[in-house]
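Q: Listed below are the residues making up each chain.
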Amino acid sequence: MANTISPLFGHNGAPLSESADTARATLAGMLAVRQFEEAVDSLFARGLMHGTMHLSIGQEASAIGACAALEQTDFITSTHRGHGHCIGKGADLTRMMAELLAKQTGYCRGRGGSMHIADASTGNLGANGIVAGGIPIAAGAALAQKMKGTDRVVMCFFGDGATNEGAFHEAVNLAAIWDLPVIFVCENNKYGMSFSTEKSMKVEHIADRAAAYGIPGITVEGNDADAVYAACNDAVLRARAGHGPTLVENITYRWKGHSKSDKNLYRTKEEIEDWKHKDPIVKFENRVIELGVLTREECDAIAADIREKIRASISEATTAPDSDPAELLASVYRAIEGGN
Amino acid sequence: MTDRIITYSEAIREAIGQAMEADPNVFMLGEDIGIYGGAFGVSGDLYHRFGADRIRDTPISELGIVGAAVGAALVGMKPIVEIQFSDFTAQAMDQIVNQAAKIHFMLGGELSVPMVLRAPIGSGTGAAAQHSQSLEAWFAHVPGLKVVMPATAQDAKGLLLAAIDDPNPVLVLEHKLLYKTSGPVTEAAVRTPIGKSHVARTGKDLVIVATGVMVSRSLEAAAALSEKGIEATVIDVRTLSPLDMEPIEEAVRATGRILLVQEAPKHVGFMAEVSARLAEGKSLYSLEAPIKRLCGMDIPIPYAPQLEKAVVPQIPNIIQAVEDLIREP
Ligand SMILES: Cc1ncc(C[n+]2csc(CCOP(=O)(O)OP(=O)(O)O)c2C)c(N)n1
Ligand SMILES: [Mg+2]
Chain A
1 MANTISPLFG HNGAPLSESA DTARATLAGM LAVRQFEEAV DSLFARGLMH GTMHLSIGQE
61 ASAIGACAAL EQTDFITSTH RGHGHCIGKG ADLTRMMAEL LAKQTGYCRG RGGSMHIADA
121 STGNLGANGI VAGGIPIAAG AALAQKMKGT DRVVMCFFGD GATNEGAFHE AVNLAAIWDL
181 PVIFVCENNK YGMSFSTEKS MKVEHIADRA AAYGIPGITV EGNDADAVYA ACNDAVLRAR
241 AGHGPTLVEN ITYRWKGHSK SDKNLYRTKE EIEDWKHKDP IVKFENRVIE LGVLTREECD
301 AIAADIREKI RASISEATTA PDSDPAELLA SVYRAIEGGN
Chain B
1 MTDRIITYSE AIREAIGQAM EADPNVFMLG EDIGIYGGAF GVSGDLYHRF GADRIRDTPI
61 SELGIVGAAV GAALVGMKPI VEIQFSDFTA QAMDQIVNQA AKIHFMLGGE LSVPMVLRAP
121 IGSGTGAAAQ HSQSLEAWFA HVPGLKVVMP ATAQDAKGLL LAAIDDPNPV LVLEHKLLYK
181 TSGPVTEAAV RTPIGKSHVA RTGKDLVIVA TGVMVSRSLE AAAALSEKGI EATVIDVRTL
241 SPLDMEPIEE AVRATGRILL VQEAPKHVGF MAEVSARLAE GKSLYSLEAP IKRLCGMDIP
301 IPYAPQLEKA VVPQIPNIIQ AVEDLIREP
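Going down the list, the sequences are from chains A and B.
Just so we're aligned: the first sequence equals residues 1 to 340 in my numbering.
Just so we're aligned: the second sequence equals residues 1 to 329 in my numbering.
Simulated from the structure, these hints should not be mistaken for lab results.
From the three backbone atoms N, C-alpha and C, an ideal C-beta is built for every residue, glycine too.
Among the clues, some could well be false.
[As the list claims (entries may be wrong)] List time: in silico DSS-like cross-link candidates among lysine-lysine, alpha-carbon distance up to 30 Å:
(1) A:263 x B:282
(2) A:263 x B:309
(3) A:199 x A:269
(4) A:260 x B:180
(5) A:276 x A:309
(6) A:256 x B:204
(7) A:278 x A:146
(8) A:260 x B:309
(9) A:269 x B:180
[Said to hold, decoys possible] Quick look at which bits of chain B chain A covers, simulated, 3 or more residues with Cβ under 8 Å:
(10) 23 to 36
(11) 50 to 64
(12) 124 to 132
(13) 211 to 218
(14) 256 to 262
Required output: the full structure, derived from the provided sequences and hints.
A: Structure, rendered in structure tokens:
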């Protein structure tokens, strides 16, 4: 049975916090990302998960608010910090967990791990271990939509650091000159690993870079799910209407280290604490309670429900078979149908 | 000269520190090499010792970083570039292959590119297909580049110092599983010559030729085989370009059997070159059994730990391959 958080496809553009249904879905999505990652963090700490991983705790409003602007049939490309995008597009939590636990039932049959989850059924064209690697791919997927005459769009996630790669600049320019239906969503969490945006670029905002390619750029309070949704919804409408790409910059912050080897030497405890006070989940919860859209009890019930889903994902994934070495050699190339 | 036991990472850091103290033109550039101390902790405290100007943190811009190193090298600096994972040399390939490798030859010989590019290679850390490759054959295939793969802490230091001295672009490919291993390292700034294969162990029954982390695995296998009465010579190729075949051929003449071990996929890998050179030379007549290669499988590196182990040679695989080779008529 699928273990997913139903995303909000086809929403009408009103603030997510305005109705009980959208508020519930948004909160559920953000809590799922948070709790999924807290769970994998603890599995890792207990030695039950291997490799490395990149957690997006603190950035949940960006992934969930942005994906809320999409339709089921739209595509995303994601990054090394991609659990949120994956969940936001409707991935199965158990298959994600199974992938991280290196199981045969995982999204990549245990071959990819956290950094490489893709889910064709939800239009997720893949997380990426290469910084900026997904950006030209997003442009290409959008080019295909244009050539085929569909009305699907591609949402392309990447970090602030990725915008210093040539791939970003080449891809945004291509998308701009061809008016491609792509939304470039930069999750500006202030650091590319240890290097701050203050040091890595001379412009103040990533969104300023849009001007160089003649497309709109907008800087958004990335920890506000309503604000992210509003900006992304505008960009999606624009893309779907054939007016080309937009660069949306969500200002956010990662609470955890870059990866498992980070000693946080490049930032202060105070800075991290400050941002914890801007928790996107608390912010959204407070807003919907204040607006009388949901009660505290209803919010708690959503959290409890998610906790159950995460627990189920771990217990189901843990008992799944380990990924199978026997099939590896036959897996490098896709077989030619009816051929040899 | 005194030797201490230090790690492979410490040995690299010591080499960089000594080179920077000796020559103000030596500087380092790369991602997160400053206060973070490097993705694998190699640059460590160098930032505090030499400052942000010479231990130069960069944005995530591999093509730009390598290109800047090429340009600085052209006009007299001695840059050491750190690429966080060797897989990301792919981003910088134009500057490595079309620029650095060719400038000296193509522009008539007056200019040269005394650049060092260090990058971690190999699998074994659960980082999956885009962070685990062994791409040495790519670079060894390009005339104009020198390629070294230190297998010990001493050579990590010695080959790096030699690379810094060298007036040509040198790629130093460091295996990430070796960073935390230790060994005796000379305190003085001694060089390990580039272009010399190294006989790490001698034995009469066969020769094992290996690169990178496969050198220590081969030595361990050789120790285990010795208890079973099989004595192997182990040769650490150390420099892939230019390749020194002499000790390998000599060992073939002495033992008549050869096993070539690499982590990289077999197809068109570096050991194919060693094999071809042997087949082209007179030492071929000394062989009592066909040349045998033990390599990584021809697949991307998978994430799952049991899969990751299964796709590259481990010590028991080397022992098995040697036993098979010895049994050949
Ligand atoms: C081409 C390339 N260079 C370097 C890296 C190593 N690396 C992985 S993530 C990362 C930082 C990325 O920063 P950003 O784009 O801001 O994303 P964030 O991690 O902050 O989400 C770096 C340097 C890589 N994976 N790929
Ligand atoms: Mg970032």
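Q: Hint by hint, note whether the structure agrees.
A: Hint check results:
| no. | hint | verdict |
| --- | --- | --- |
| 1 | A:263 x B:282 | violated, 56 Å |
| 2 | A:263 x B:309 | holds, 28 Å |
| 3 | A:199 x A:269 | holds, 19 Å |
| 4 | A:260 x B:180 | holds, 17 Å |
| 5 | A:276 x A:309 | holds, 25 Å |
| 6 | A:256 x B:204 | violated, 55 Å |
| 7 | A:278 x A:146 | violated, 39 Å |
| 8 | A:260 x B:309 | holds, 21 Å |
| 9 | A:269 x B:180 | holds, 29 Å |
| 10 | 23 to 36 | holds (count 5) |
| 11 | 50 to 64 | holds (count 8) |
| 12 | 124 to 132 | holds (count 7) |
| 13 | 211 to 218 | violated (count 0) |
| 14 | 256 to 262 | violated (count 0) |
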